Amino acid sequence: MDSIGANTGLAVRMLDDIEKFAGRFPSYRRAHARGRCYAGVFTPNGNAAPFTSAPHLQMEKVPVIVRFSNVSSNPNHSDGLTPPKGMAVQFSLPNDKVTSLVCTTIPVFFARTPEAFGEIMQFLASVRTGLPRIRSAINIIRKYPETRSFLKVIRETRLPASYAMAQYYSIHAFYFINKEGHRQAIKYQWEPDAGISMFTKKESALLLPNYLDEELAKRVINEPIGFKLNIQIGQEDDPVDDPTILWPYSRQKLTIGHLTITDALDSSADQTLFDPTIMPEGIECTEDPILQFRHEAYKISYKRRMDY
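Taking the numbering used here, the leading residue of the sequence shown gets 1, the next gets one more, and so forth.
Just so you know, the hints here were simulated from the structure itself, not pulled from any lab data.
Here the structure is a predicted model, which means the values were calculated and not measured.
In this text, a Cβ means the ideal position worked out from N, Cα and C, and glycines have one as well.
One or more of the hints may lead you astray.
Unchecked claim - Below are the DSSO-like pairs computed for lysine-lysine, each with C-alpha atoms no more than 30 angstroms apart in a straight line:
{"#": "1", "residue 1": "K97", "residue 2": "K143"}
{"#": "2", "residue 1": "K61", "residue 2": "K228"}
{"#": "3", "residue 1": "K61", "residue 2": "K201"}
{"#": "4", "residue 1": "K228", "residue 2": "K97"}
{"#": "5", "residue 1": "K228", "residue 2": "K179"}
Unchecked claim - If you anchor each label on the Cβ, the simulated ranges turn out as follows:
{"#": "6", "residue 1": "L93", "residue 2": "E203", "range": "37 to 45 angstroms"}
{"#": "7", "residue 1": "N178", "residue 2": "R142", "range": "41 to 49 angstroms"}
{"#": "8", "residue 1": "A137", "residue 2": "E180", "range": "25 to 33 angstroms"}
{"#": "9", "residue 1": "E223", "residue 2": "E180", "range": "38 to 46 angstroms"}
{"#": "10", "residue 1": "E281", "residue 2": "L151", "range": "35 to 43 angstroms"}
Go ahead and model the full structure; you've got the sequences and the hints to work with.
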């Protein structure tokens, strides 16, 4: 079987396992099920131009659709049950094309390969049925020790006071390609204008189930919501194929633009597909197997929610 066929088969099994673990919710995404979309404008400042010829990162303003979401696959889960949150941005490009940047408040992923992802999801699906034992969990961690970094970050993650007051990370590395053909590895970060604010565990216990959507809907009525888009510039020894490893914080950080969110969109905007692998000229996906795998997973998930 070729790699595309293998990825398709694995994506189908993975989505089936997600449904076994979280439940099946027709018309919803298989991850980040509950979210809301907003309209905005991205204004690049030209700092990315020496690194990439991508049209949305030069000097012209670009319309965007932004979706903030709870990462859970269950749309009924309270915001307080899942500390990680998501922010997806779709940029409008010339000739009716788009590209998307998908980020979360967790800077690392829990699996290094699609195969590891699939096995971990199978384990989680069995947890829901009450079948696994402690030994099974230990065996998973031993087989995939990279999950420890993710679990450590999760334990330390607190709930944001607002979607507008959290920092978001691309997890994956990407290649910027400039006009001369030079390739530079980067990672993205969204930095909130309003600053970062998190609730304590005691405060989190008092939160309403849908507090983040409600807070943001009120906030955007009163004032625009803003984020700086930063890139972390990788060095030669920084891994580009492993989303479970953080790059050193000492790496150069460069602000390449600003996002202004102005209006809430109606529910029809939530049908938008935010595929992080559809790249314009000037940006390429890295060799990261999880990133490469996401195209098939997003495509199949999108078809399922449109068919239901």
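Going through the hints against the structure:
no.	hint	result
1	K97 - K143	violated (41 angstroms)
2	K61 - K228	holds (14 angstroms)
3	K61 - K201	violated (40 angstroms)
4	K228 - K97	holds (23 angstroms)
5	K228 - K179	holds (25 angstroms)
6	L93 - E203: 37 to 45 angstroms	holds (41 angstroms)
7	N178 - R142: 41 to 49 angstroms	holds (43 angstroms)
8	A137 - E180: 25 to 33 angstroms	violated (50 angstroms)
9	E223 - E180: 38 to 46 angstroms	holds (41 angstroms)
10	E281 - L151: 35 to 43 angstroms	holds (39 angstroms)
In summary, the numbered hints that this structure violates are 1, 3, 8.
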